[in-house]
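What follows is the residue order along each chain.
Number of protein chains: 2
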Amino acid sequence: MSDRPTKMTDAERDAALATVSGWVYDADEKAIKKTFQFADFSEAWGFMNRAALLAEKMDHHPEWFNVYNRVEVKMTTHDADGVTTLDFQMATAMDGFAA
Amino acid sequence: MSDRPTKMTDAERDAALATVSGWVYDADEKAIKKTFQFADFSEAWGFMNRAALLAEKMDHHPEWFNVYNRVEVKMTTHDADGVTTLDFQMATAMDGFAA
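Read top to bottom, the protein sequences are chains U and D. If you're matching positions, the first sequence starts at 992 in this note's numbering and goes up one per residue. If you're matching positions, the second sequence starts at 992 in this note's numbering and goes up one per residue.
Check each hint, because a few of them may be wrong.
Claimed, not checked - Each computed DSSO-like pair below joins lysine-lysine, with the alpha-carbon atoms no more than 30 Å apart: (1) D:K1065 to U:K1024; (2) D:K998 to U:K1048; (3) D:K1025 to U:K1021; (4) U:K1021 to D:K998; (5) D:K1025 to D:K1048; (6) D:K1048 to U:K1065; (7) D:K1021 to D:K998; (8) U:K998 to U:K1024; (9) U:K1048 to D:K1065; (10) D:K1021 to D:K1065; (11) U:K1021 to U:K1048; (12) U:K1065 to U:K1025; (13) U:K998 to U:K1025; (14) U:K998 to U:K1021; (15) D:K1024 to U:K1025; (16) D:K1021 to U:K1025; (17) U:K1065 to U:K1021; (18) U:K1048 to D:K1048; (19) D:K1024 to U:K1021; (20) D:K1021 to U:K1048; (21) D:K1065 to D:K998; (22) D:K1048 to D:K1065; (23) U:K1024 to D:K998; (24) U:K1065 to D:K1024; (25) D:K1021 to U:K1065; (26) U:K1025 to D:K1025; (27) U:K1024 to D:K1025; (28) U:K1025 to D:K1048; (29) U:K998 to U:K1065; (30) U:K1021 to D:K1065; (31) D:K1065 to D:K1024; (32) D:K998 to U:K1065; (33) D:K998 to D:K1025; (34) D:K998 to U:K1025; (35) U:K1024 to U:K1048.
Don't read these hints as lab results, they were simulated from the structure.
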């Protein structure tokens, strides 16, 4: 994709964080993070598959860890050296997939 | 599943490690580990999906981390407090999926 977004300001990021649920900003990692908990692996994997399809479509991929029903997600935009609107697009979509 | 296997002896584990490719034993974590590298996310996700289906079928799930084309896998059998033949069944299958 062309016209990739640039790093958000702290104020922009804080405003965006207020629009999603359970995501926190990690200043050391310059990333937003959330741990999702599901009933079992099948539910967790369904969630991850939906997120994977969107990530591939957006060409913007998470760093994530899974064990059984738990999925720990980290989103950052390496090109921008920080968090951008792309990360919040993924965060919002993931909240929807997990709902 | 009934009749879950028990923890392998060190000798059994070493013998099994010699039958798989690139897996190492981590004594602190009582687990076998391997990092898989693929051409891109699509390939990595294809691999993970095949492994996920088998894991669910076996009721034996990995701990794994993914970022883009890289998948870091850890297999252990918590019930047995160590590595069992189940872990090597998954390791062997994953090597096949990645081939």
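Hint-by-hint comparison with the structure:
no. : hint               : verdict
1   : D:K1065 to U:K1024 : holds (22 Å)
2   : D:K998 to U:K1048  : violated (43 Å)
3   : D:K1025 to U:K1021 : holds (27 Å)
4   : U:K1021 to D:K998  : violated (41 Å)
5   : D:K1025 to D:K1048 : holds (21 Å)
6   : D:K1048 to U:K1065 : holds (28 Å)
7   : D:K1021 to D:K998  : holds (10 Å)
8   : U:K998 to U:K1024  : holds (16 Å)
9   : U:K1048 to D:K1065 : holds (28 Å)
10  : D:K1021 to D:K1065 : holds (10 Å)
11  : U:K1021 to U:K1048 : holds (23 Å)
12  : U:K1065 to U:K1025 : holds (7 Å)
13  : U:K998 to U:K1025  : holds (20 Å)
14  : U:K998 to U:K1021  : holds (10 Å)
15  : D:K1024 to U:K1025 : holds (25 Å)
16  : D:K1021 to U:K1025 : holds (27 Å)
17  : U:K1065 to U:K1021 : holds (10 Å)
18  : U:K1048 to D:K1048 : holds (29 Å)
19  : D:K1024 to U:K1021 : holds (28 Å)
20  : D:K1021 to U:K1048 : violated (38 Å)
21  : D:K1065 to D:K998  : holds (16 Å)
22  : D:K1048 to D:K1065 : holds (18 Å)
23  : U:K1024 to D:K998  : violated (35 Å)
24  : U:K1065 to D:K1024 : holds (22 Å)
25  : D:K1021 to U:K1065 : holds (26 Å)
26  : U:K1025 to D:K1025 : holds (25 Å)
27  : U:K1024 to D:K1025 : holds (25 Å)
28  : U:K1025 to D:K1048 : holds (28 Å)
29  : U:K998 to U:K1065  : holds (16 Å)
30  : U:K1021 to D:K1065 : holds (26 Å)
31  : D:K1065 to D:K1024 : holds (4 Å)
32  : D:K998 to U:K1065  : violated (34 Å)
33  : D:K998 to D:K1025  : holds (20 Å)
34  : D:K998 to U:K1025  : violated (34 Å)
35  : U:K1024 to U:K1048 : holds (21 Å)
Hint compliance for this structure: hints 2, 4, 20, 23, 32 and 34 are broken, all remaining hints hold.
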